[in-house]
Amino acid sequence: MRLATKFIFIVSGILSLTLALNAYYFIHSQSQLLEQQLNERGRVLGHLIALISPEAMLSFDFLTLNEYAREVSRQHDVVYGVIVNDKGTPLTSYFNQQDPRVLDALQALGLDGETAPLTPPKTARVIARLSSSLYDLLPMEFPISHGERPLGQLKVGISREQLNAQIRSQLLIQSSIYGLIILFLCSAIFWVFRYNVMGPVNRLMDASRNVGLGELEEVAVTSRDELGSLAETFNSMINAIREEKDKLHYQANYDALTSLPNRMMAIDRLDHELRLARRHNELVAVIFIDLDNFKVVNDTMGHAAGDELLAMLSSRLLSRLRDVDTLARLGGDEFLVLLPRVQTLDEVKQIATRLLEATSERLMVHGREVIVHCSIGIALYPDDGTSAEELMANADNAMYQAKAPSHLPICFFTQEMNVRVRERLQLEQDLHLAVERGELELYFQPIVQAGQCQPVGAEVLLRWQHPQNGMISPATFIPLAEATGLIIPIGDWVLQQACSLLRHWLDLGLSPGALAINISRLQLQDRLVTVIRDLVTEYRIPANMLELEMTENILLDDHAQVSESLNQLQAMGLKLSLDDFGTGYSSLSYLRRFSFDALKIDRSFIQGLPQDQDGCALIGAIVVMAHRLGLRVVAEGVETAEQRDFLRQQGCDFLQGYLLARPMTASAYQKTLPCFSPATE
Amino acid sequence: MLDRYELAPDCPGTPSALSQARSARPKKHPARGLRWGAIGLLILTTLLADALALAPRAATQEPLTLGILPRRNATLTTELFSPLVKYLSTALGREIQLVTSKDFDSFQQDVKDSRFDIVHYNQFHYVRSSAEYRVIAHNEEFDRSTVAGALYVKQDSGITRVEQLRGKRIIFGGGEDAMMSYILPRYLLLQAGLKPGDYQEAFAKSPPNSLIALYYDEAQASGAGDILIDLKVVKENVDTDQLRHLAITEQLLHLPWAVLRTMTDDEAMRIQALLTGLGASPEGQAILKQAQMTGIGVANDDSYAPHRRIIDQVMPPSQDRH
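Top line first, the protein sequences correspond to chains G and B.
Position 46 (the first sequence) corresponds to 45 in numbering that gives the first Met the number 0; numbering is contiguous.
Position 38 (the second sequence) corresponds to 37 in numbering that gives the first Met the number 0; numbering is contiguous.
Since the hints were derived computationally from the structure, they do not count as laboratory data.
The beta carbon of each residue, even a glycine, is placed where N, CA and C say it ideally should be.
Wrong hints could be hidden among the right ones.
Derived DEER-like restraints, expressed as beta-carbon distance ranges [as the list claims (entries may be wrong)]:
#1 86(G) to 62(B): 52 to 60 Å
#2 50(G) to 312(B): 42 to 50 Å
#3 39(G) to 78(B): 34 to 42 Å
#4 272(B) to 149(G): 57 to 65 Å
#5 165(B) to 36(G): 39 to 47 Å
#6 39(G) to 166(B): 44 to 52 Å
Examples of chain G residues toward chain B, derived with CB under 10 Å [stated by the list, open to error]:
#7 84
#8 89
#9 119
Using the sequences plus the hints, can you model the full thing?
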């Protein structure tokens, strides 16, 4: 049932009940009043007749008495008026035979008043008949007396029929009026309800339905009542949704940091520009910009500084573009530039150059001068692709190409890049299968004690023997493994293999020394502690026979988590060494914050020795500093005797390099291992 | 059937015109001083002279008074007899004043005082006033010149003889001067050997009421005119089949019309001729019909000898209350 119908039913019900009660009360009161009036009229008449009757009764003036009876009976509503003596015998015989009730009574009694007047007994029977048969008869009696002497009574029967008819008529009129009132009020209420309530409600419903369909339309506020407030609230909600939608749209399409279009918006715009370009045979250039070493800024100056740098840089880049161009931030330090309606390749190159220059200009971030370089990859419609995805992928490839060492920072996409990308993808897929296929193999490069050239252990190295491409350098596949996340399972496999071999060699009674295993930053998680603990337990090897090598970049991440993991590993007995020291940030704070056992001087510092005076000084300083910090020093890449001697002279503790031993297979390394003696363990 | 008896409305405190006229007349004062006697004589002489000079004119201009017994109310009486009064006035060349009385007592007093020039009353009244009035005509009602008195009883009363009324309650119509409803029924009772005291007397307001009272068992017998049972007014009020005559008197001449004995014979004869001649013309018949009569016949004092005889037996002059 609809709300309006329900409302009308309720209102009409309440009105009907109220008016019915009112009508009942009114009719009841009216009935009482009329009956009272009737009674009063009868009493007045009766008393009057009773007052004037004694003389006629005393003088036996029956004609007069009959005239009185006639006059009484002729009165309105009086059915009969009979005077009886003190014995109750009627003294008058007049009945109004025009009254149908009297006629009925006479007929019922088999009397005919026209042929002969009624005898007193018949008169009494007529009275009794009238009194008993007429439910609406009001019988009244008035004593007639002369002084104290009772003479008789005047018996009057007053009909309520007229009264009832009047009440019925009143009831009919009242009901009709009330019916009309109910009809009118219900109609009025219905129309008022319809226009004032249902109208706004329906408009709100339609508007709400439209909201569900995504159309945010406000409704007209036509009143200041609750519905008006509801409409205002609805409109406020619509505005809030609109704002939220705009906000979401903005958030979905724009970068919050730089207010530049994000990837989604960039793709939309690129699609749009491509449609226009397709229609007008125009060129569209897609430029992929990636900042070089932006992470360093974040790491060294904080993320706030990095964000500020990105904002400033985006403003600067934007200022170098035309109005029709689009600069979007794809995420991190990646930007995309769309250049629609370009005429030539040179024009694109000029714009790219301007962007490169803009990037390379000095920036003041948090009071410090920062110079950022970027790599720019460019793809052109329609030569390098016809879809947004293809163009963006190719520009990305070109950008990666630009990042390659010895390559210009601006690189136009070529089909060869795609070949390389495909090769890289193939390599990724092969790497997934390398562990299963057993294509990976551990190599061991011994580490010797500087003074006596006695091996004390080896660094575990990983080799990939590709079935088609042959031996693949770790420098090639390790970054790939890190990029794809394969470094985790591969790292686990290396640890497991190393532990297994250690167990094997120990079981053979050999003394393999400590094995130094490189750990990627991706591996250094909570699970690494568990993995190593399980392996040590499983293979029953002393934890101090394992040494984990890590580069400084591992330590750039969450310090607390890294520190916790390293502490746990050290607590297990493992040794930790800082690899490639000197090539990275060489932050001395790391040495102080993390408790390493050794640091390994990168081979690049060793190569110029001993001729390179600066290098010599640097080595000396590193050794002194390490020893002061209680760290052992391992020099990598020792290839000449001069280097060996110099390092010994400088106080290096351990040496590693081709001069001492090349990386070798496990079996080869096994052969170099001395037998176990309690002294060496 | 026309009503012969109508209710006479009570008019207490409303004196008749004749009474008013009577009260306006000068009164004699025999004991006066000589001087006042001389003055009176002078005035009388002057008046007599004036009367002698103006006698012919006064004879034609002085109105005659007509009294009608109040068996009906004054309004109805005036209504019924106005055409007759007009007729007589025109015919006589004299104004006739119709005088109605409020009740029988005042009427009888006026009769006794000879206040009417012409009077229409019942037989008892005439018998008692025949010294002052002489009868000239009588009524004819329902084409009858005579009427009788009767005693009535109810059919189921078991009374078949008048003697059985001894000790019973008898109701009479009107009063003790009602000829038909009292005197004649009493005459019947007397003939049956029942004297007053042998029965209980009661009086109804009017003769019809006496019959109705009998019907309503207010008495065991009723005294009234013999034709009363056939009157419409009675039949309309009671079932007359339940009533019957117990005894009826001889037929007696109907109500008389009389004139003052001081009236000249010519004038009396002229009035008699005018009254009895009414039935001869349509206009006269209309006047009679209006007065609820069927005719007026000639009558003289001898015509009422039977009445006198009965009255004297029933109500000897010594018992006359008047």
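Hints, one by one, checked against the model:
1. 86(G) to 62(B): 52 to 60 Å: The hint (52 to 60 Å, Cβ to Cβ) holds, given that residue 86(G) and residue 62(B) are roughly 54 Å apart.
2. 50(G) to 312(B): 42 to 50 Å: For residue 312(B) against residue 50(G), whose Cβ atoms are near 43 Å apart, the range 42 to 50 Å holds.
3. 39(G) to 78(B): 34 to 42 Å: About 37 Å separates the Cβ atoms of residue 39(G) and residue 78(B), which means 34 to 42 Å holds.
4. 272(B) to 149(G): 57 to 65 Å: 58 Å, holds
5. 165(B) to 36(G): 39 to 47 Å: 55 Å, violated
6. 39(G) to 166(B): 44 to 52 Å: 48 Å, holds
7. 84: 8 Å, holds
8. 89: Constraint on residue 89(G) satisfied, holds at 8 Å.
9. 119: Interface hint status for residue 119(G): holds (6 Å vs cutoff 10 Å).
Against the hints set out earlier in the document, a violation occurs for number 5 only.
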